[in-house]
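Student: Sequence:
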Amino acid sequence: NKLFLNGAIRWDGNSAFGEEIGFVPIYRVGLTYSLTDEPFMQEGTISDIVSRFSIRANYGQATNLPTPFARDRLIVADPYNGDVAYTFGNPGNSELGPEVVNSIEYGFDASFFDARFGLSFTAYDQTTEDAIFSPDQAPSTGQLSQETNIGEVSNKGIELQTYVDVLRSKDFDLTVNASLTTNDNLVVSSGGAPEFVVGGFTFLGSYVKEGQPLGYLRGGKPIFDAEGNLVEVERNAFLGNPNPTAYGSVGLNFRWKQLGVFASGDFQSGASGVAVDDVLRYFGGVSDPGRIPENAANASFFDLAGVWVEETDFFKVRNIGISYNVPVANSGLSRLQLGLNLRNPIVWGSSSFDPEVTGAGIAPQDGFGVGGFGFGTESAPRQILFNVKIGF
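Taking this note's numbering, the leading residue of the sequence shown gets 3, the next gets one more, and so forth.
Among the hints, erroneous ones may be present.
To be verified - Capping the alpha-carbon separation at 20 Å, the derived lysine to any residue pairs in SDA-like fashion look like this:
#1 4 <-> 29
#2 391 <-> 260
#3 172 <-> 257
#4 259 <-> 337
#5 259 <-> 178
#6 158 <-> 104
#7 158 <-> 102
#8 211 <-> 172
#9 211 <-> 186
#10 259 <-> 168
#11 211 <-> 247
#12 223 <-> 198
#13 158 <-> 223
#14 4 <-> 77
#15 223 <-> 305
#16 211 <-> 157
#17 223 <-> 313
#18 158 <-> 178
#19 211 <-> 138
#20 391 <-> 313
#21 211 <-> 260
#22 158 <-> 188
#23 391 <-> 326
#24 172 <-> 325
#25 158 <-> 198
#26 4 <-> 32
#27 391 <-> 345
#28 391 <-> 321
#29 4 <-> 41
#30 158 <-> 305
#31 259 <-> 345
#32 211 <-> 194
#33 391 <-> 330
Rather than coming from a laboratory, the hints here were simulated on the basis of the structure.
The structure displayed is predicted, hence computed values, not measured ones.
I would like the entire structure built from these sequences, with the hints used as guidance.
Tutor: And the structure:
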(Lines of atoms letter the chains of each structure in order from A and count residues from 1; the text may use other names and numbers.)
(Lines give C-alpha, C1' and ligand atoms only; values in the text may rest on other atoms or scores of the structure.)
Protein backbone atom coordinates (compact mmCIF):
# COMPACT_ATOMS: atom_id res chain seq x y z
CA ASN A 1 0.00 0.00 0.00
CA LYS A 2 2.55 2.57 -1.06
CA LEU A 3 1.73 3.23 -4.72
CA PHE A 4 -1.76 4.37 -5.70
CA LEU A 5 -3.11 4.95 -9.20
CA ASN A 6 -6.59 6.27 -9.90
CA GLY A 7 -8.40 7.44 -12.97
CA ALA A 8 -11.83 8.31 -14.24
CA ILE A 9 -13.70 9.37 -17.35
CA ARG A 10 -17.10 10.98 -17.63
CA TRP A 11 -19.19 12.61 -20.30
CA ASP A 12 -20.68 16.05 -19.65
CA GLY A 13 -23.81 17.25 -21.40
CA ASN A 14 -25.89 20.34 -20.72
CA SER A 15 -28.88 22.11 -22.21
CA ALA A 16 -26.76 25.28 -22.46
CA PHE A 17 -24.63 23.65 -25.15
CA GLY A 18 -25.29 24.48 -28.79
CA GLU A 19 -27.22 22.07 -30.99
CA GLU A 20 -24.05 20.75 -32.60
CA ILE A 21 -22.33 19.97 -29.28
CA GLY A 22 -23.09 16.58 -27.79
CA PHE A 23 -21.48 14.99 -24.76
CA VAL A 24 -17.97 16.14 -23.91
CA PRO A 25 -15.54 13.52 -22.49
CA ILE A 26 -13.65 14.57 -19.35
CA TYR A 27 -10.60 12.66 -18.10
CA ARG A 28 -8.74 12.40 -14.80
CA VAL A 29 -5.70 10.37 -13.70
CA GLY A 30 -3.57 10.57 -10.55
CA LEU A 31 -0.55 8.86 -9.01
CA THR A 32 0.53 8.91 -5.35
CA TYR A 33 3.63 7.30 -3.87
CA SER A 34 3.97 6.95 -0.09
CA LEU A 35 7.67 7.09 0.54
CA THR A 36 7.34 6.49 4.28
CA ASP A 37 5.96 3.01 3.61
CA GLU A 38 9.34 1.96 2.26
CA PRO A 39 11.34 -0.18 4.75
CA PHE A 40 14.36 2.14 4.72
CA MET A 41 12.13 5.03 5.88
CA GLN A 42 10.87 3.12 8.92
CA GLU A 43 14.19 2.52 10.60
CA GLY A 44 16.57 4.53 12.74
CA THR A 45 16.80 8.30 12.80
CA ILE A 46 14.77 8.83 9.63
CA SER A 47 11.58 7.45 11.19
CA ASP A 48 12.07 9.71 14.23
CA ILE A 49 12.24 12.77 11.99
CA VAL A 50 9.88 11.98 9.10
CA SER A 51 6.38 10.99 10.16
CA ARG A 52 4.88 10.93 6.68
CA PHE A 53 6.10 11.78 3.20
CA SER A 54 4.25 11.18 -0.05
CA ILE A 55 4.63 12.56 -3.55
CA ARG A 56 1.82 12.96 -6.04
CA ALA A 57 1.08 13.96 -9.61
CA ASN A 58 -2.30 14.50 -11.24
CA TYR A 59 -3.82 15.38 -14.56
CA GLY A 60 -7.47 16.30 -14.76
CA GLN A 61 -10.08 18.18 -16.71
CA ALA A 62 -13.09 20.23 -15.68
CA THR A 63 -15.73 22.17 -17.56
CA ASN A 64 -17.18 25.65 -17.18
CA LEU A 65 -20.64 25.93 -18.69
CA PRO A 66 -21.86 28.66 -21.04
CA THR A 67 -24.48 31.13 -19.89
CA PRO A 68 -27.97 29.57 -20.13
CA PHE A 69 -29.79 30.48 -23.36
CA ALA A 70 -26.67 32.16 -24.82
CA ARG A 71 -26.79 29.55 -27.60
CA ASP A 72 -30.24 30.71 -28.75
CA ARG A 73 -30.94 33.20 -31.53
CA LEU A 74 -33.35 35.89 -30.38
CA ILE A 75 -35.45 38.57 -32.03
CA VAL A 76 -36.37 41.51 -29.79
CA ALA A 77 -39.64 43.43 -30.06
CA ASP A 78 -38.91 47.16 -30.11
CA PRO A 79 -41.73 49.70 -30.66
CA TYR A 80 -41.02 52.14 -33.47
CA ASN A 81 -43.14 55.04 -34.67
CA GLY A 82 -46.17 53.70 -32.85
CA ASP A 83 -45.96 50.23 -34.37
CA VAL A 84 -44.36 46.96 -33.39
CA ALA A 85 -40.88 46.54 -34.82
CA TYR A 86 -38.25 43.88 -34.40
CA THR A 87 -34.48 44.07 -34.05
CA PHE A 88 -31.67 41.59 -33.66
CA GLY A 89 -31.22 40.19 -30.17
CA ASN A 90 -28.74 37.53 -29.19
CA PRO A 91 -27.21 36.20 -32.45
CA GLY A 92 -27.11 32.61 -31.20
CA ASN A 93 -24.37 30.02 -31.56
CA SER A 94 -25.14 26.41 -32.42
CA GLU A 95 -21.49 25.47 -31.73
CA LEU A 96 -21.33 26.97 -28.23
CA GLY A 97 -19.76 24.47 -25.86
CA PRO A 98 -18.12 24.40 -22.45
CA GLU A 99 -14.74 25.72 -21.51
CA VAL A 100 -12.39 22.82 -20.79
CA VAL A 101 -9.83 23.38 -18.04
CA ASN A 102 -6.78 21.10 -18.31
CA SER A 103 -4.83 20.90 -15.05
CA ILE A 104 -1.46 19.37 -14.34
CA GLU A 105 -0.19 19.45 -10.77
CA TYR A 106 2.50 17.76 -8.77
CA GLY A 107 3.87 18.07 -5.26
CA PHE A 108 4.31 16.41 -1.90
CA ASP A 109 2.70 16.12 1.54
CA ALA A 110 4.93 15.68 4.57
CA SER A 111 4.92 15.79 8.34
CA PHE A 112 7.84 15.63 10.74
CA PHE A 113 8.69 15.07 14.42
CA ASP A 114 5.65 13.00 15.32
CA ALA A 115 3.45 15.18 13.08
CA ARG A 116 4.29 18.35 14.99
CA PHE A 117 5.30 20.08 11.77
CA GLY A 118 3.58 19.66 8.42
CA LEU A 119 4.27 20.95 4.94
CA SER A 120 2.40 20.57 1.67
CA PHE A 121 3.64 21.83 -1.69
CA THR A 122 1.87 21.87 -5.06
CA ALA A 123 2.90 23.30 -8.42
CA TYR A 124 0.08 23.67 -10.93
CA ASP A 125 -0.36 24.53 -14.58
CA GLN A 126 -3.92 25.12 -15.79
CA THR A 127 -4.90 25.85 -19.36
CA THR A 128 -8.47 26.79 -20.20
CA GLU A 129 -9.21 25.78 -23.78
CA ASP A 130 -12.26 26.93 -25.74
CA ALA A 131 -12.52 29.84 -23.30
CA ILE A 132 -15.82 31.67 -23.67
CA PHE A 133 -15.42 35.29 -24.74
CA SER A 134 -17.87 37.78 -26.23
CA PRO A 135 -15.90 39.84 -28.76
CA ASP A 136 -17.64 42.62 -30.64
CA GLN A 137 -19.32 41.68 -33.89
CA ALA A 138 -18.44 43.51 -37.09
CA PRO A 139 -20.58 46.69 -37.25
CA SER A 140 -21.85 45.64 -40.67
CA THR A 141 -23.72 42.70 -39.10
CA GLY A 142 -25.89 44.97 -36.95
CA GLN A 143 -25.81 42.32 -34.23
CA LEU A 144 -24.82 42.19 -30.59
CA SER A 145 -21.80 40.38 -29.22
CA GLN A 146 -22.13 36.62 -28.83
CA GLU A 147 -20.56 34.11 -26.44
CA THR A 148 -18.07 32.10 -28.48
CA ASN A 149 -15.45 29.43 -27.70
CA ILE A 150 -12.42 31.20 -29.11
CA GLY A 151 -9.94 31.75 -26.28
CA GLU A 152 -7.18 30.11 -24.31
CA VAL A 153 -6.21 31.24 -20.80
CA SER A 154 -3.25 30.08 -18.72
CA ASN A 155 -2.91 30.02 -14.92
CA LYS A 156 0.34 28.85 -13.33
CA GLY A 157 1.63 28.96 -9.80
CA ILE A 158 2.39 27.16 -6.57
CA GLU A 159 0.49 26.37 -3.38
CA LEU A 160 2.13 26.04 0.04
CA GLN A 161 0.47 24.94 3.27
CA THR A 162 2.16 24.46 6.62
CA TYR A 163 1.41 24.03 10.31
CA VAL A 164 3.50 23.86 13.47
CA ASP A 165 2.49 22.45 16.85
CA VAL A 166 4.48 24.89 18.96
CA LEU A 167 3.17 23.40 22.21
CA ARG A 168 1.59 20.03 22.81
CA SER A 169 1.00 18.87 26.39
CA LYS A 170 -1.73 17.87 28.79
CA ASP A 171 -2.67 21.44 29.68
CA PHE A 172 -1.27 23.46 26.78
CA ASP A 173 -1.67 23.31 22.99
CA LEU A 174 -0.54 25.94 20.52
CA THR A 175 -0.76 25.45 16.75
CA VAL A 176 -0.09 27.99 14.01
CA ASN A 177 -0.83 27.46 10.32
CA ALA A 178 -0.37 29.35 7.09
CA SER A 179 -0.95 28.99 3.37
CA LEU A 180 0.27 30.80 0.28
CA THR A 181 -0.83 30.57 -3.36
CA THR A 182 0.77 32.34 -6.29
CA ASN A 183 -0.85 32.72 -9.70
CA ASP A 184 0.33 33.99 -13.06
CA ASN A 185 -2.69 34.63 -15.27
CA LEU A 186 -2.33 35.20 -19.01
CA VAL A 187 -4.55 35.26 -22.10
CA VAL A 188 -2.68 32.97 -24.48
CA SER A 189 -5.12 33.36 -27.36
CA SER A 190 -8.25 35.32 -28.16
CA GLY A 191 -8.93 33.32 -31.28
CA GLY A 192 -7.64 36.00 -33.61
CA ALA A 193 -10.11 38.58 -32.29
CA PRO A 194 -8.67 42.08 -31.81
CA GLU A 195 -8.47 43.48 -28.30
CA PHE A 196 -11.98 43.99 -26.90
CA VAL A 197 -13.55 45.51 -23.80
CA VAL A 198 -15.63 43.40 -21.40
CA GLY A 199 -16.55 45.84 -18.65
CA GLY A 200 -16.01 49.16 -16.96
CA PHE A 201 -15.97 52.52 -18.73
CA THR A 202 -15.09 53.46 -22.29
CA PHE A 203 -12.10 55.46 -21.07
CA LEU A 204 -11.11 52.98 -18.33
CA GLY A 205 -12.20 49.41 -18.84
CA SER A 206 -11.40 45.72 -18.52
CA TYR A 207 -9.95 44.32 -21.73
CA VAL A 208 -9.04 40.97 -23.22
CA LYS A 209 -5.82 40.92 -25.20
CA GLU A 210 -3.35 38.20 -26.06
CA GLY A 211 -0.27 38.37 -23.85
CA GLN A 212 -2.01 40.27 -21.02
CA PRO A 213 -3.83 39.13 -17.86
CA LEU A 214 -7.51 38.39 -18.26
CA GLY A 215 -9.58 41.57 -17.89
CA TYR A 216 -6.54 43.85 -17.54
CA LEU A 217 -7.25 47.54 -16.90
CA ARG A 218 -6.55 49.87 -19.82
CA GLY A 219 -6.75 53.62 -20.23
CA GLY A 220 -4.81 56.87 -20.33
CA LYS A 221 -1.80 57.03 -17.99
CA PRO A 222 -1.04 60.65 -17.01
CA ILE A 223 2.43 61.92 -16.09
CA PHE A 224 2.72 65.08 -13.99
CA ASP A 225 5.75 67.29 -13.40
CA ALA A 226 6.86 68.63 -10.01
CA GLU A 227 4.43 71.56 -10.26
CA GLY A 228 1.47 69.30 -10.96
CA ASN A 229 1.22 70.06 -14.67
CA LEU A 230 0.09 67.30 -17.00
CA VAL A 231 3.09 66.90 -19.30
CA GLU A 232 2.44 63.58 -21.01
CA VAL A 233 -0.26 60.94 -21.44
CA GLU A 234 0.42 57.35 -22.44
CA ARG A 235 -2.61 56.31 -24.48
CA ASN A 236 -4.28 52.92 -24.01
CA ALA A 237 -1.73 52.02 -21.35
CA PHE A 238 -1.65 48.97 -19.13
CA LEU A 239 -2.96 50.32 -15.82
CA GLY A 240 -3.24 47.21 -13.69
CA ASN A 241 -3.99 43.54 -13.29
CA PRO A 242 -7.28 42.79 -11.46
CA ASN A 243 -6.09 39.25 -10.66
CA PRO A 244 -4.04 38.87 -7.45
CA THR A 245 -0.64 37.32 -8.01
CA ALA A 246 -0.45 36.00 -4.44
CA TYR A 247 -2.96 35.24 -1.69
CA GLY A 248 -3.13 33.10 1.41
CA SER A 249 -4.17 32.73 5.03
CA VAL A 250 -2.81 32.49 8.57
CA GLY A 251 -4.31 30.97 11.69
CA LEU A 252 -3.67 30.25 15.36
CA ASN A 253 -5.23 27.87 17.89
CA PHE A 254 -4.33 27.93 21.59
CA ARG A 255 -5.64 25.87 24.51
CA TRP A 256 -4.93 26.18 28.21
CA LYS A 257 -6.86 23.54 30.11
CA GLN A 258 -10.52 24.40 29.40
CA LEU A 259 -9.82 27.77 27.81
CA GLY A 260 -9.41 28.07 24.04
CA VAL A 261 -8.36 30.98 21.84
CA PHE A 262 -8.31 31.03 18.04
CA ALA A 263 -7.74 33.55 15.28
CA SER A 264 -7.68 33.49 11.49
CA GLY A 265 -6.98 35.92 8.69
CA ASP A 266 -6.14 36.10 5.01
CA PHE A 267 -4.43 38.36 2.51
CA GLN A 268 -3.86 39.11 -1.15
CA SER A 269 -1.34 41.13 -3.15
CA GLY A 270 -0.44 42.02 -6.70
CA ALA A 271 -3.88 43.12 -7.94
CA SER A 272 -5.30 46.51 -8.91
CA GLY A 273 -8.78 47.99 -9.04
CA VAL A 274 -10.71 51.11 -10.01
CA ALA A 275 -12.20 53.44 -7.38
CA VAL A 276 -15.46 53.93 -9.28
CA ASP A 277 -17.08 56.02 -6.54
CA ASP A 278 -14.34 58.63 -6.93
CA VAL A 279 -14.70 58.55 -10.72
CA LEU A 280 -18.40 59.38 -10.41
CA ARG A 281 -17.70 62.13 -7.88
CA TYR A 282 -15.28 63.69 -10.35
CA PHE A 283 -17.93 63.51 -13.06
CA GLY A 284 -20.24 65.31 -10.63
CA GLY A 285 -17.82 68.21 -10.23
CA VAL A 286 -16.20 67.21 -6.92
CA SER A 287 -12.51 68.09 -6.85
CA ASP A 288 -10.01 65.40 -5.87
CA PRO A 289 -6.68 67.09 -5.08
CA GLY A 290 -5.32 63.88 -3.60
CA ARG A 291 -5.42 62.30 -7.06
CA ILE A 292 -5.44 65.19 -9.51
CA PRO A 293 -3.10 68.18 -9.03
CA GLU A 294 -4.81 71.56 -9.15
CA ASN A 295 -2.97 72.55 -12.33
CA ALA A 296 -4.46 69.52 -14.11
CA ALA A 297 -7.99 69.90 -12.79
CA ASN A 298 -9.37 70.85 -16.22
CA ALA A 299 -7.74 67.97 -18.09
CA SER A 300 -9.90 65.47 -19.97
CA PHE A 301 -10.93 62.48 -17.89
CA PHE A 302 -9.72 60.31 -20.78
CA ASP A 303 -6.21 61.57 -19.99
CA LEU A 304 -6.61 61.08 -16.23
CA ALA A 305 -7.87 57.48 -16.19
CA GLY A 306 -4.80 56.08 -14.44
CA VAL A 307 -5.23 58.21 -11.30
CA TRP A 308 -8.28 56.16 -10.27
CA VAL A 309 -6.48 52.80 -10.40
CA GLU A 310 -5.32 51.61 -6.98
CA GLU A 311 -3.40 48.65 -5.65
CA THR A 312 -5.78 46.29 -3.85
CA ASP A 313 -3.47 44.53 -1.40
CA PHE A 314 -5.12 43.67 1.91
CA PHE A 315 -4.78 41.74 5.13
CA LYS A 316 -7.94 40.91 7.06
CA VAL A 317 -8.32 39.32 10.45
CA ARG A 318 -11.50 37.35 9.82
CA ASN A 319 -12.15 35.95 13.25
CA ILE A 320 -10.87 36.13 16.82
CA GLY A 321 -12.58 33.86 19.32
CA ILE A 322 -12.37 32.63 22.86
CA SER A 323 -14.19 29.68 24.39
CA TYR A 324 -14.40 28.05 27.80
CA ASN A 325 -15.60 24.56 28.62
CA VAL A 326 -17.44 24.82 31.93
CA PRO A 327 -17.03 21.74 34.19
CA VAL A 328 -20.34 19.82 34.12
CA ALA A 329 -19.73 17.00 36.58
CA ASN A 330 -22.92 15.95 38.41
CA SER A 331 -24.95 18.52 36.44
CA GLY A 332 -26.80 16.18 34.09
CA LEU A 333 -25.09 17.84 31.11
CA SER A 334 -22.44 16.32 28.87
CA ARG A 335 -21.11 19.68 27.71
CA LEU A 336 -21.40 23.38 28.46
CA GLN A 337 -19.28 25.78 26.42
CA LEU A 338 -19.31 29.57 26.50
CA GLY A 339 -17.87 31.46 23.54
CA LEU A 340 -17.18 34.98 22.31
CA ASN A 341 -16.34 35.71 18.65
CA LEU A 342 -15.18 38.90 16.97
CA ARG A 343 -15.75 38.80 13.22
CA ASN A 344 -13.86 41.12 10.87
CA PRO A 345 -12.22 42.98 13.77
CA ILE A 346 -9.15 44.22 11.87
CA VAL A 347 -8.91 45.20 8.20
CA TRP A 348 -5.92 46.74 6.48
CA GLY A 349 -6.04 47.59 2.80
CA SER A 350 -4.08 49.66 0.32
CA SER A 351 -7.19 50.76 -1.61
CA SER A 352 -9.96 53.20 -0.74
CA PHE A 353 -12.57 50.49 -1.38
CA ASP A 354 -12.94 46.84 -0.42
CA PRO A 355 -11.59 44.79 -3.35
CA GLU A 356 -13.54 41.73 -2.21
CA VAL A 357 -16.86 43.53 -2.73
CA THR A 358 -17.22 44.24 -6.43
CA GLY A 359 -20.23 46.37 -7.25
CA ALA A 360 -19.41 46.99 -10.90
CA GLY A 361 -17.30 44.23 -12.35
CA ILE A 362 -17.43 42.25 -15.56
CA ALA A 363 -19.06 39.13 -14.13
CA PRO A 364 -22.64 40.24 -14.97
CA GLN A 365 -21.59 41.26 -18.47
CA ASP A 366 -19.67 38.20 -19.64
CA GLY A 367 -19.01 34.59 -18.76
CA PHE A 368 -16.13 35.28 -16.40
CA GLY A 369 -15.48 37.64 -13.52
CA VAL A 370 -12.19 39.05 -12.29
CA GLY A 371 -13.53 42.08 -10.41
CA GLY A 372 -11.43 45.20 -10.46
CA PHE A 373 -14.19 47.80 -9.99
CA GLY A 374 -15.23 49.04 -6.54
CA PHE A 375 -18.60 50.78 -6.85
CA GLY A 376 -20.99 51.48 -3.99
CA THR A 377 -19.35 48.76 -1.92
CA GLU A 378 -19.72 48.11 1.78
CA SER A 379 -17.36 45.77 3.59
CA ALA A 380 -18.65 42.96 5.77
CA PRO A 381 -19.63 44.47 9.14
CA ARG A 382 -17.71 43.94 12.35
CA GLN A 383 -19.68 41.63 14.60
CA ILE A 384 -19.50 40.53 18.22
CA LEU A 385 -21.15 37.17 18.85
CA PHE A 386 -21.73 35.43 22.15
CA ASN A 387 -22.74 31.78 22.11
CA VAL A 388 -23.61 29.01 24.51
CA LYS A 389 -23.36 25.34 23.50
CA ILE A 390 -25.11 22.77 25.67
CA GLY A 391 -24.92 19.00 25.32
CA PHE A 392 -27.17 16.49 27.07
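Student: Hint by hint, say whether it matches the structure.
Tutor: Each hint tested on the structure:
1. Only pairs whose Cα atoms come within 20 Å are accepted, and residue 4 paired with residue 29 is rejected, the gap being roughly 24 Å.
2. Taking the CA atoms of residue 391 and residue 260, the gap is about 14 Å. The hint holds against a cut of 20 Å.
3. This hinted pair checks out: residue 172 and residue 257 have alpha carbons roughly 10 Å apart, not beyond 20 Å.
4. A hinted pair counts as satisfied when its Cα atoms are at most 20 Å apart, and residue 259 with residue 337 qualifies at roughly 15 Å.
5. Between residue 259 and residue 178, the direct Cα distance comes to roughly 18 Å. Compliance with the 20 Å bound is thereby established for this hinted pair.
6. Distance restraint check for residue 158 and residue 104: the Cα-Cα separation of roughly 12 Å lies within the 20 Å cut-off, and the hinted pair is therefore satisfied.
7. At roughly 16 Å between alpha-carbon atoms, residue 158 and residue 102 fall within 20 Å of each other, so this suggested pair holds.
8. As the CA atoms of residue 211 and residue 172 are separated by approximately 59 Å, the hinted pair breaks the 20 Å bound.
9. This hinted pair checks out: residue 211 and residue 186 have alpha carbons roughly 15 Å apart, not beyond 20 Å.
10. At most 20 Å may separate the alpha-carbon atoms for a hinted pair to count; residue 259 and residue 168 meet this at roughly 16 Å.
11. Taken as a hint, the residue 211 and residue 247 pair is honoured in the structure, with Cα atoms around 18 Å apart against an allowance of 20 Å.
12. Between residue 223 and residue 198, the direct Cα distance comes to roughly 19 Å. Compliance with the 20 Å bound is thereby established for this hinted pair.
13. Note on residue 158 and residue 223: the hinted pairing is violated, with a Cα-Cα distance of about 29 Å set against a maximum of 20 Å.
14. Taking the CA atoms of residue 4 and residue 77, the gap is near 61 Å; set against the 20 Å cutoff, the hint is violated.
15. Distance restraint check for residue 223 and residue 305: the Cα-Cα separation of roughly 7 Å lies within the 20 Å cut-off, and the hinted pair is therefore satisfied.
16. The straight-line distance between the Cα atoms of residue 211 and residue 157 is roughly 15 Å, inside the 20 Å bound, and the hint therefore holds.
17. Between residue 223 and residue 313 the alpha-carbon distance is near 15 Å, which keeps this suggested pair within the 20 Å criterion.
18. For the hint pairing residue 158 with residue 178, the CA-to-CA distance comes to about 27 Å; that exceeds 20 Å, so the pair is violated.
19. This hinted pair checks out: residue 211 and residue 138 have alpha carbons roughly 13 Å apart, not beyond 20 Å.
20. A hinted pair counts as satisfied when its Cα atoms are at most 20 Å apart, and residue 391 with residue 313 does not qualify at roughly 42 Å.
21. Pair hint residue 211 plus residue 260 does not hold up; C-alpha atoms about 57 Å apart against a cutoff of 20 Å.
22. With a C-alpha separation of about 9 Å, the suggested pair residue 158 and residue 188 falls inside the 20 Å cut-off, and the hint holds.
23. The suggested pairing of residue 391 with residue 326 holds, with an alpha-carbon distance near 10 Å, which does not exceed 20 Å.
24. Restraint check for residue 172 and residue 325: satisfied, since their Cα atoms lie roughly 18 Å apart, inside the 20 Å limit.
25. Distance restraint check for residue 158 and residue 198: the Cα-Cα separation of roughly 24 Å exceeds the 20 Å cut-off, and the hinted pair is therefore not satisfied.
26. The straight-line distance between the Cα atoms of residue 4 and residue 32 is roughly 14 Å, inside the 20 Å bound, and the hint therefore holds.
27. Using a Cα cut-off of 20 Å, the hinted pair residue 391 and residue 345 holds, with the two alpha carbons roughly 19 Å apart.
28. For the given pair, residue 391 sits about 19 Å from residue 321 by alpha-carbon distance, which is consistent with the 20 Å threshold.
29. Only pairs whose Cα atoms come within 20 Å are accepted, and residue 4 paired with residue 41 is accepted, the gap being roughly 11 Å.
30. This hinted pair does not check out: residue 158 and residue 305 have alpha carbons roughly 34 Å apart, beyond 20 Å.
31. With a CA separation close to 24 Å, the supplied pair residue 259 and residue 345 exceeds the 20 Å bound.
32. This hinted pair checks out: residue 211 and residue 194 have alpha carbons roughly 10 Å apart, not beyond 20 Å.
33. Between the alpha carbons of residue 391 and residue 330 the distance comes to roughly 12 Å, so the proposed pair stays at or under 20 Å and holds.
Violated hints for the displayed structure, listed by number in ascending order: 1, 8, 13, 14, 18, 20, 21, 25, 30 and 31.
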